Amino acid sequence: MKKIILCTGGTGGHIFPMIALYEELKENHKVKIITDNRAIKYLDQIDDLTIIPAESPYRKKGIIHLIKSIFIIFISMIKSFFIIAFFRPNVVVGSGGYVSFPVLMIARFLKIRFFLYETNSVLGRVNQLFLPHCYKLLTGYELVSPFPDTLKDKMIHVGQLVRSQFIKINEEGLFYRKTSKQEEPLNVLILGGSQGAKVFGEKLPEKFLLLTKKNVKLSLSQQVQENQIKEVGSYYENNIKASQINEKNIGFNFMLFTFSNQIEDFVKKADIVICRSGSSTLSELASANKPFIAVPLKNSLDNHQYHNAKYYADQDCCWLVEDDQEMSFKIERILENVYRTRILLNHKIENLIKLKRGNPIDNFINQITK
Numbered sequence: 001m002k003k004i005i006l007c008t009g010g011t012g013g014h015i016f017p018m019i020a021l022y023e024e025l026k027e028n029h030k031v032k033i034i035t036d037n038r039a040i041k042y043l044d045q046i047d048d049l050t051i052i053p054a055e056s057p058y059r060k061k062g063i064i065h066l067i068k069s070i071f072i073i074f075i076s077m078i079k080s081f082f083i084i085a086f087f088r089p090n091v092v093v094g095s096g097g098y099v100s101f102p103v104l105m106i107a108r109f110l111k112i113r114f115f116l117y118e119t120n121s122v123l124g125r126v127n128q129l130f131l132p133h134c135y136k137l138l139t140g141y142e143l144v145s146p147f148p149d150t151l152k153d154k155m156i157h158v159g160q161l162v163r164s165q166f167i168k169i170n171e172e173g174l175f176y177r178k179t180s181k182q183e184e185p186l187n188v189l190i191l192g193g194s195q196g197a198k199v200f201g202e203k204l205p206e207k208f209l210l211l212t213k214k215n216v217k218l219s220l221s222q223q224v225q226e227n228q229i230k231e232v233g234s235y236y237e238n239n240i241k242a243s244q245i246n247e248k249n250i251g252f253n254f255m256l257f258t259f260s261n262q263i264e265d266f267v268k269k270a271d272i273v274i275c276r277s278g279s280s281t282l283s284e285l286a287s288a289n290k291p292f293i294a295v296p297l298k299n300s301l302d303n304h305q306y307h308n309a310k311y312y313a314d315q316d317c318c319w320l321v322e323d324d325q326e327m328s329f330k331i332e333r334i335l336e337n338v339y340r341t342r343i344l345l346n347h348k349i350e351n352l353i354k355l356k357r358g359n360p361i362d363n364f365i366n367q368i369t370k
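Residue 153 in the numbering used here sits at position 153 of the sequence shown, with consecutive numbering throughout.
If you are wondering where the hints come from, they were derived from the structure by calculation, not from laboratory data.
In this text the structure is predicted, and so the values were computed from the model without any measurement.
Don't be surprised by glycine CBs; every beta carbon is placed ideally from N, CA and C.
Incorrect hints may appear among the rest.
Stated by the list, open to error - Only pairs whose alpha carbons sit at most 25 angstroms apart, straight line, appear in this in silico DSS-like list of lysine-lysine: (1) 356 / 136; (2) 111 / 370; (3) 168 / 330; (4) 136 / 41; (5) 2 / 111; (6) 330 / 154; (7) 330 / 310; (8) 111 / 41.
Unchecked claim - With beta-carbon atoms standing in for the labels, derived distance ranges: (9) 142 / 302: 53 to 61 angstroms; (10) 113 / 62: 48 to 56 angstroms; (11) 62 / 30: 24 to 32 angstroms; (12) 227 / 157: 37 to 45 angstroms; (13) 44 / 75: 20 to 28 angstroms; (14) 269 / 149: 29 to 37 angstroms; (15) 23 / 62: 39 to 47 angstroms; (16) 326 / 70: 41 to 49 angstroms.
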């Protein structure tokens, strides 16, 4: 049995892979997770959880914010020192994000072997900083950039770590029904990720209702931000009333929800998913064999969401639609084509199945417990 610290924080893209890893490791090892306050809502079922303060020096401009960030990092390093000194881990794993910085600094200072995990196709800032000093960098994608040739021997591709409930969707065969008939509604799931996607709630409802006028039957499960539920719901209801026919007759029904850690029920039901392009979102959908329309967040750091989506688009596993003025029109056309020609979904599913290689979590655990 080894003692292992997993360090993660920030958005779901950093956190969900570490949850998947924790669930497997805890059976045979003593595992602690170190995170920040933003991650508490994702980690309510973790037994050994420690919170440290974290602040990005790049999140805001100005000397005051920079000084505050440096002070918070200093406090976090002191706290990390006592956590690590008391727990005495054999291995530390950092999954990126600024909460990893103080933990990895102390691990290096105390000469504790540490690994980095990069879920995106673009190497994150903290991982770039610690790459020369880590034991190994384990990656979700086969190719990660920027990556110096002199450190190529440090990189090992293990694959994307996916929470077990999404793997079970695949195992149970609960993906798109190839025998579905055209008269059945197209089940569409709209996800904004842990950070939400305000633009989906603003631009897509009009296009969904336009599709019903083309005799495209839709059943929507749409994630919206908390402050959009009333507005988007009223928009759908008012337009249905204006049509003077009920939801069932026009082939349109909807359900709105805010962010949830447990979206597997929505994923099981979906025929196609519209989503942002965070690494965990895409890898979980891919694991569940769910075709998706990826809409990268255009201001993501180093444009990593675009590169994440492009990996799947290059394998013909998804549709890649950029977040621009034509975004809603392109999505409307894709949904109409898919509704009328369901074999398009089958083609994406077949390519998603071809992507699967080995067991990423077993690969990961084998590396850190050698």
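| Can you give the numbers of the hints that this structure goes against, from lowest to highest? | 3, 4, 6, 8, 9, 10, 11, 14
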